[in-house]
Structures are given as C-alpha cells and as structure tokens.
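Each chain, letter by letter, is given below.
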Amino acid sequence: MLELLTRLGLPANLSAQGGTIDDALVWTHILMVILFLFWAPFFIYTLIRFRKSKNPNASYKGIRSHFSNYMEGGVAVFEVVLLLGFAFPAWELRVNEVPPAADAEIVRVVAQQFKWNVHYPGPDGEFGRTDVSLINDEVLNFIGLDYESETAKDDILPPQGHLHLPVDKPAIIQLSTRDVIHSFSIPVMRVKQDVIPGMRIPVWFEPTQTGSWEIACAQLCGNSHYEMKGYIHIHTQKGYDAFMDALSIVNEIDDYDLTFEADKKLNKVIKFLRAGDAETAESFAVEAKSLAKIALQEKEEMGEEDEWEDWDEWE
Amino acid sequence: MSSAYHDEGFWRKYVFSTDHKWIGIQYAVTALFFLLIGFCLILVMRWQLAYPGEAVPIIGKLLSEEGMLTPDLYNSFGAMHGTIMIFLGVVPLAVGGFGNYVLPLQIGAPDMAFPKINMASYWSFFVGGVVMLASFFMPQGAASSGWTMYPPLSVIQTTGETMWLIGMVFLITSSLLGAINFITTVIQLRTKGMTWMRLPFFVWTQFITSFLLLLAFPPLESAAILQLMDRLAGTSFFLPSGLYVGGEVLNVSGGGSPLLWQHLFWFLAHPEVYVLILPAMGIVAEIITNNTRKPLWGYRSMVYSLIFLGFMSFIVWAHHMFLTGMGTTMAAFFQTTTMIISIPSVIILSAMFISLWGGSIRFSVPMLFALAFLPMFGIGGLTGLPLGLASADIHLHDTYYVIGHFHYIVAPGTLLALFAGIYYWFPKVTGRKMNDSLGRIHFFGTFIGMNGVFMPMFIQGLAGVSRRLYDGGTTYLHAQPVLQWNEFMTISAILLGLFQIPFIVNFFMSIKRGKKVSSNPWEATTLEWAAAPSPPIRHGNFSSVPEVYHSPYEYNVPVNGTVEEFVPQNKVLEVE
Amino acid sequence: MKVRRLNRKITGFAVLLSATSLFAGGSVTGTVKFIGKAPQMKAINRQMAADPLCAAQHQDAPVRTEWLVAGENGELKNVYVYVKEGLEGQEFSSPESAATIDQNGCIYIPHVLGIQVGQPIEILNSDGTLHNVHALPKVKGNDAFNVAMPGMRKKITKKFDVPEVMIKIKCDVHPWMGAYVGVLDHPYFSVTDDSGTYTIEGLPPGNYTLEAWHERLKTLTVTVTIKGDEAVEANFNFKRPEKKKDE
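Residue numbers (numbering that gives the first Met the number 0), protein chains in the order written: chain H, 0 to 314; chain V, 0 to 575; chain C, 0 to 246.
Just so you know, the hints here were simulated from the structure itself, not pulled from any lab data. Take the hints with a grain of salt, since some may be wrong.
[Unchecked claim] Here are the computed lysine-lysine pairs in the PhoX-like style, where the Cα-Cα straight-line distance is at most 25 Å:
hint: 1; chain 1: V; residue 1: Lys12; chain 2: V; residue 2: Lys115
hint: 2; chain 1: H; residue 1: Lys263; chain 2: H; residue 2: Lys237
hint: 3; chain 1: C; residue 1: Lys41; chain 2: C; residue 2: Lys139
hint: 4; chain 1: C; residue 1: Lys139; chain 2: C; residue 2: Lys238
hint: 5; chain 1: C; residue 1: Lys153; chain 2: H; residue 2: Lys228
hint: 6; chain 1: V; residue 1: Lys60; chain 2: C; residue 2: Lys83
hint: 7; chain 1: H; residue 1: Lys298; chain 2: C; residue 2: Lys83
hint: 8; chain 1: C; residue 1: Lys238; chain 2: C; residue 2: Lys167
hint: 9; chain 1: H; residue 1: Lys267; chain 2: C; residue 2: Lys41
hint: 10; chain 1: H; residue 1: Lys298; chain 2: H; residue 2: Lys267
hint: 11; chain 1: C; residue 1: Lys167; chain 2: V; residue 2: Lys60
hint: 12; chain 1: C; residue 1: Lys157; chain 2: H; residue 2: Lys228
hint: 13; chain 1: C; residue 1: Lys153; chain 2: H; residue 2: Lys298
hint: 14; chain 1: H; residue 1: Lys267; chain 2: H; residue 2: Lys237
hint: 15; chain 1: V; residue 1: Lys570; chain 2: H; residue 2: Lys60
hint: 16; chain 1: H; residue 1: Lys292; chain 2: H; residue 2: Lys263
hint: 17; chain 1: C; residue 1: Lys217; chain 2: V; residue 2: Lys60
hint: 18; chain 1: H; residue 1: Lys51; chain 2: V; residue 2: Lys514
hint: 19; chain 1: C; residue 1: Lys153; chain 2: C; residue 2: Lys167
hint: 20; chain 1: H; residue 1: Lys51; chain 2: V; residue 2: Lys432
hint: 21; chain 1: C; residue 1: Lys139; chain 2: C; residue 2: Lys153
hint: 22; chain 1: C; residue 1: Lys238; chain 2: C; residue 2: Lys226
hint: 23; chain 1: C; residue 1: Lys217; chain 2: C; residue 2: Lys167
hint: 24; chain 1: H; residue 1: Lys298; chain 2: H; residue 2: Lys228
hint: 25; chain 1: C; residue 1: Lys139; chain 2: V; residue 2: Lys60
hint: 26; chain 1: H; residue 1: Lys292; chain 2: C; residue 2: Lys154
hint: 27; chain 1: C; residue 1: Lys167; chain 2: C; residue 2: Lys139
hint: 28; chain 1: H; residue 1: Lys267; chain 2: H; residue 2: Lys168
hint: 29; chain 1: C; residue 1: Lys41; chain 2: H; residue 2: Lys263
hint: 30; chain 1: C; residue 1: Lys41; chain 2: C; residue 2: Lys157
hint: 31; chain 1: H; residue 1: Lys152; chain 2: C; residue 2: Lys238
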C-alpha cells in the first residue's frame, strides 16, 4: 500500500518519526480500498440485476439479512484499531515524547510575511532576547534581536529561509510568527505545524538522510504566500559543526571583501548538499571554517571598530 | 380553502412574497445564479493553475494589464469562491430552495408557520449576497484571506474583508430566520395523521439541518461582529500584542487570540458541512425509493442515525485545528468523536445502497444523479478518514487532499443531489417535465467532469502540494511529479462548465415548452404529489386538508394477495 | 493681492516653458554632505540567498544596504531636497509622463524618488521573480497598496493624490528592499546623486524655504531668495545625530 501511495505522489519519508504518519496513511487507505472493493461490485451488480426491464416487480421487503450491521460493526472496530494503534501513539510521540533537549538541536524559526527566519542559540545554548520594537528590516534585523543582550552575542542567523541541521539527530523547532498565521511544512520530514501569533509552538523531527529540501508555507498568509519558500539543509554532523562555526564567524566579521572566499565555500556546501553529495559538502564546510578564521585574523589586524555598530541608538 | 386568500398585487405576489412556494423559487433561482458565479471564479483560478501567468482568455483584460490573474485577485477569487458556493449557493438552494418549496407540501401544511419571517429570511439572504458581490468593487477588491477568514490576516487585509463580515451577518440572520421557521413548521403544521415516523426522510433531514443552523450559526454571527469590531473599532478580540505588520508594530491593545476565531468559526463550519450534506441525503432518499419502487430500507435506523449525526456534528469541530498546537487530550477527544460520527454516515449510506437491492430500478434522469451521489459521497466520506486522524492529518493538512475530500462531499456529492432534486421536483413546480435527453447529456458530462476535476486532487495532496498556492506549487520540488495534473483538472473543469449549458437551456426551455404532466408524474407516494401540478402561488396548497394514513414509501405493497404498485400517503392502505 | 495674482501667472508661464527648456528661471543647486565618519554599509549578498534568483544577480560584486550612502568626502547620496515653503497658493499641473522605479537585482532603483501629485508612477519588475510592492503612506487621501508582482508581471502603474514627504515602499518577499517616494504638488524638488549634488531649476523669484530630507539623518532647512534667472547655491551639512538618552 505504501508503495502504491508513493507511486501516486507521496514523497519518500526521510525522517525517523515520520513512519508513524505513513502507517496511519497506509491503514486508512487500506480501509478505503476494502470498503470500495466491497461496495463497488455490489453497487454495479445491483444496478444491473435489478434494472426495471430485468426485474419489473420490486420486492417490498428487500434484503433481510443483517450483513450491513456486521459491516458497520467492522468499520467501527477498524476505526478503534486505527485510533488506539496508530493515531493516539503517533500524537503522543509528537507532543509528549519530545527528545531531551540535551540530545537535540534546538532552533527557533520565526515566520514573517513571506519568509522563514532561522535563529540558532549559538555555543551558549541560549537564545538572545528578542523584542518586536527592535525589528528593523532595513538593517536586516528581522526578528528584533537585541544585540546588546549577553546571550545574543553568539547567536547565529543564517540568511532568511535557510535551515541547517545535522543528520540523525532530533531537531526541536520552536515556531513563532511576527505577523499572521503561517504553517511550517516539510513534506519529506512529515512535519507540519501551524504557527500562531502570540504563541511559541515546538515541533520536532529527526532527519535520516543528508541533502537539501524545501520548506513550504501551508497556511494562506497573504498575496505572496505561494512564494514563501524556505530550504532545509541536512549536513553530516561534522559538516554541520564546521558550517555553523564558519557562518558564525562570517556573520561576526560582516565584511563583503574579507569574507568573500569563505562565503563562496559556504555556497558550495549548499550546492553539493542539493546534489546529494554530503561528503564533498562537508569538506567545503571545513574549508569555509578555516578561511573564515583567516578572515577574522585579518579583521583583528586592521583593528578598526565601526563606530556605527550601535547605530540604532542614534536617532 | 384557497378562497380564504385574496389575490395580491404584483409586488406582494412576486417580489415580497410570503408564499413558501414562491420564496422557494426565489431562493433556488438566486442560488443557481450564485453557483454559476462561484463556478466562473474557479474557472479563472483553474486557468491560472494550469497555465500560470498566462493571460486569461476572453476576460483577461478585466483582470490586469497583462490579462493574467494576479496573486491578489487569485486570493480574492479563492475566498469568494468558497463563500459564494457554500453560503450563497448550496445552502440557499438545498435549504432555502428545496426546503421552502417541498417541506410544507410534504407535511401537508398550507404554508410555513411564519410566512413573513420567511420573506425576511429571503431578503436578508439577498442583501447579504449583494454585499458580497459588491465587495469585488471595493478599492483593492474583495476579501482575500480564504473563506475561513483567519485573523490576524483578515484583520490587516483590505476593505473587502469588512464587506465580507457585514455580508456574513446578513446571511447568518437569514439562515436563523429560516431555521426557526422550519422547526416550528415541522412541529406544528404536520397534517392530520402525519406522525414523526411517517415523515418523509427529506423532511427529517431538513428538520435536523434547521437545528444545526439554529444552534451553530449564532457563535459565528457573534464572532463576525467581534472581528468587525477588530477591524473598525480598534478592539483586539482576535489579535495578540506585538505583531509587526507593514513595517511597524501593529497598534492594537492585544490580548486577543487568533485561535478563538478558529474555534468559533469551526463550531459553525463543521455543522455547516452537515447542513450541506443532509438535505442532499434527503433528496437522494426520496428519489431512490421512488425509482426503485420499494420502501426505503431501514427508514427508522436512518432517522435515528440522522439525529445522532446532527448531535455529534457539534463536537467534532476541532479536527480542523489539529495542527494549531493541540495537546494529546484534546486531540484524542476530537479524533474519537470524528471516528464516531463516521458510523451514522456509514449507516445512512449503506441503507441507501441496500435499498437498491430487490428494486425495480428506473434509470430516470433524477435517479441517475441520485445514484451517482452514492459512490461520490462515499469517496468524500472515506477520504475524510485520514484527515480525521491527527497523525495522518500532519501530512495532508492544508493540501489538495483536503480540497479533494470536501469537494467530493459538496460537489459530486451535494450538487449532484441538488441537480437530482431539480429534475425530480421540476414537474411539481412548473407542471412540465424537463427534457430527458438533455438531462442525460448533462448528467454524464457533469459526472465525468467532476471526477476529472477532483480525483487528481488526492494525488496532488498525497504529494504534499499546499492548497491556496497562486501558481499551484510550480516552484516546489515535491510538487514536480504531480504538476502535470493541473492541466488535466483545468480541462475537466472547462468541460464541466460546457456540460452545464444543456442544463441551463433545458431549465429555461422546459418552463415554457416542457411536456405537460399530471400532478404525480413519477407515481410517487409523498404528499407534495397530491397537490395540483404547479400549485398556484398563494397560501394554501391543497384543495382539502390531506390526511395521512401510513408511512411515506409504500411501493409494491402486498395487499390481500395482490400488489399495490404505489399507495400515496393520503390514501388508505388496506393492510393484510 | 495683485502682485500675487501676477506672480501666479508668471509661474504658470514659467512651468510651461521650463518643461520645454526655453526658459531657465532661477535655480538652486548645492551639495549635501555628511560631516564625520560615515558608517560602512553592510553587504546584503549573503542575505539574498533567501531568494536564489536574487543571489544569482549579485555573484561578483557587493550589493549593500542604502540607509546612509556617503562618498569619500562625505557627499551624501539619496537626499531629497525640495521647496517646503514659498509656493503657497500656487497651482501646478502634474506631468503626464510617468516616473519609474525599478525592481532590479532585488533592490529598488532609485532608492529615493520625487514625483508630483497625480503623476503616474510606474513600478517595474526587471527581476523575473516575485516582488510584492507594499506602499505605506501615512497621509489621508493617499491609498496604501500591496500588490504582488509575479515574475511575469512587468509593470504596474500607481499614483498618489496628496502631497506627502516621504512614502515608504517595501517588499514583503525580500524584506531588505526599501524605497522612499516624495510626493509634492509642485515640481521643485531634486534628489542628490553620487556626488551629493542636487539642482532645482525653474524657480520663479521669491523667498523659499528648502528642506533636505534623509531617511536616517532627518531634515535640515535653509531659506533662499531668488531674484531672477540666477543660480543660487545652498549646501546642507548633515551631522551624526545625538545619541539617544536612556529613558
């Protein structure tokens, strides 16, 4: 049955927890097929056998047997099994059996019309303070991160819409939105979760394959909803670590010329992940990290601090 | 009896009529008009989905300079398609049209219990419809945040949303007035001998439907007014604080909850699904029993299932909201109720299938539509199953699978039943029959067209293609393997549209030119056929008060060794 | 009273002629500078990875934010200089030719634009990707709009009916994109170029207050007197604003 559904278009499941969802899909469709195989021949046979020309006199009583009661009972039993065997445990797994934070990658995703902002806590494991009054699109502070706060210093913000995760490690995504309702959907990971204003909702999944896929918005969020696309990149653990280190340094330097080479390598990482070659991607991530470190040294040698760093205190 | 009523002037008779038959006709014709508009909207949208960004033929120049449907218009059309089809098309036709015309006749009543409230109901509906249509001409167009109007999006969108909410208040008021009327009529105005278990199944469905409308609509009416205040009066019932919209922090006091709207909305909108489907079941039951020439199988269990269904429909609403961050208890409760509600539906559907067995089936045009309803509704119901299980819903939520599912319920389901009803009761309304050949062409075209449109949606949904995408998911990787279906669906939709032409022609031609028929052309047993063909538009339906002697579907009754072909309810049945 | 009426006639005449470049009128030119060390504008190339079609257009050269663009000696670009006072009671016809603002390389070109009331403004999409043009006027009478422009939609035309300095335009799909449009009921405005200079031509004789507007450095004003068809110079020197006091 799963094969049939896959042939019809169901994308392959590339996550550890998604199997429970596929089970529910498979068994509900099996029930459908059973009922269909029962009723369709009955229906067609009845129409032919009891057409007026063949059967001019109708029977007043019709069927006397109770087979329909058995059938209805059967459906009910099947549904109880679906509920107890598949639906309840799967939901329990999703909502309550969240992997412990220590073993998981914890990332915040902040939705906005029409982009996904990804926010990593950095090495300290704590997210910097965010405040809606600090949001300023022009200076690329899309989530209102308070750069003054101590915990914000090491936070990592990749370009909008790019979520990076290591393979074979559960990821807990804390979802929030700065404007309207969105829905965070990654079909291959069997993940979908509405993002409701005023709430921060966690959802978790565990990628089992390296590569690069897409994040879609599944809830109408405005006129450009259809292009609210994001990307999810699953690295090897080593590649991921190097990539995030490099990204962090490059973000800190924030100078086009100094980080030009490192940036190029970072782009290569994504390119190779997209092509399904995680090993090459990993080596590029490592290269990017060392290039970024060199750039950081150069910057320190220049020793020039940008006075306008705290620009938003100047009015 | 009829002499008690004096003739009224043109305005009172044909415009502000208080006669249930004329109001029924007004409802039906207005609703058919809206169905056509709703269909035209979706045709333009389907063009865009099959050929993204290409100029729309014929009407393109009205849409944009380039002739294409713009994303803003696409969203408006989508929201208005849903609204028009449900609130201005199907419900007014099924309840306002068929209910008004047929129900008093079937219970042998002279009219509705409150004829003036009945008139007010129609005109409230009419005003609501005009407001909805007018919203297209507001600056920046009609409502564009989906027919569900989820805040905050709906609150920050254009003025069309305000019009939508105002229109909705009128439509809901109309439904409430109608519901009160139907309930009172059924309880009070049943003719002599018309006991509860002698009511035609159609009357039962209308009766239960009216309770759903009466109890489910008020929450949405108040919610609509609250959202109107959020838009106009600066309240924030549905808005939390700290939203950042249009380059600045949204200036609201906050403290509201977007989820509150969803709960109030779905508290109506799920029973609304049964409002759409129950009258259709009623129509189909009438036609099947008439055309199989045998009593409805399991009438009693169908009635009890119906009542149970109506009750359960109030406690399943949150299965639309599994993905809003629901915990296990809530999810378990709503999954369980959802599975439970499937059982009475299965019973009713099975009973109708089984009713066919042993019949002498006449494949008349209404029967073709009614028969097609059965498997179509079956598909619609069964595909609701994975959506009702929260875990499977994770993958299917907000995809085309959902669209396919509820369209199978409402379009090949309810709409086919409504067509069946039109063909079935047309001779009663006009005294003439609709053309048979055109009817058959209409049936086969519609049946094939609808399946062509909706079946591939399940495939796209399984692939995970989101609904409400302006380009149908063209740029998404996971959509690539199923994109080619878009063109197929669009062509099917165009064919479906073309096959409505025979119906429209048939409908208008038959009013004047159709074959004249007697008062009971289908040799049916229920009371509406005891009234004159095309009963005159005035209060009082029967020349004398009919009396009912037995259950509604006495076909092929064995009586004293012989068989009575059919025994109308107002005819004494000599039981063996 | 009489003088004024005469004045109006002359102005009407002047506008008519300046359009055909036959009559120079008075003009104001000048340079706008930023005094002090200008901040380095951040490159947004990496951010553009959010939309691969944008990133692809900027593979080899930096593209930067534009909230304070100053030359080597502080020549300030994108300053909107206009006649704020001195034209009261006069009426000017609006040009029928459209002003354009292009979405090219996922930035707005130009970043600051001046138009007249009722003048059509063509918003182009040269990128072939989806842009969303979200205009946020604050003055009553100017319609806010929010229009999605898919790649295939190359041009939309809009206008504003009431003077407003300035109207912000942003793109919700590419949040780094922003532009400002100044709307006036007269044609005497200009925007500084790379060298920080501006010219306002065809001004009839009179006393005027000129204002220079910068998106982050706020405004400076100066008064000028035009006597005939001469060129008056008026320079503006912006400084870094005071540090906000902690509240």
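May I ask which of the numbered hints given earlier this structure violates, with the numbers listed in increasing order?
3, 4, 6, 7, 11, 12, 13, 17, 21, 22, 24, 25, 26, 30, 31
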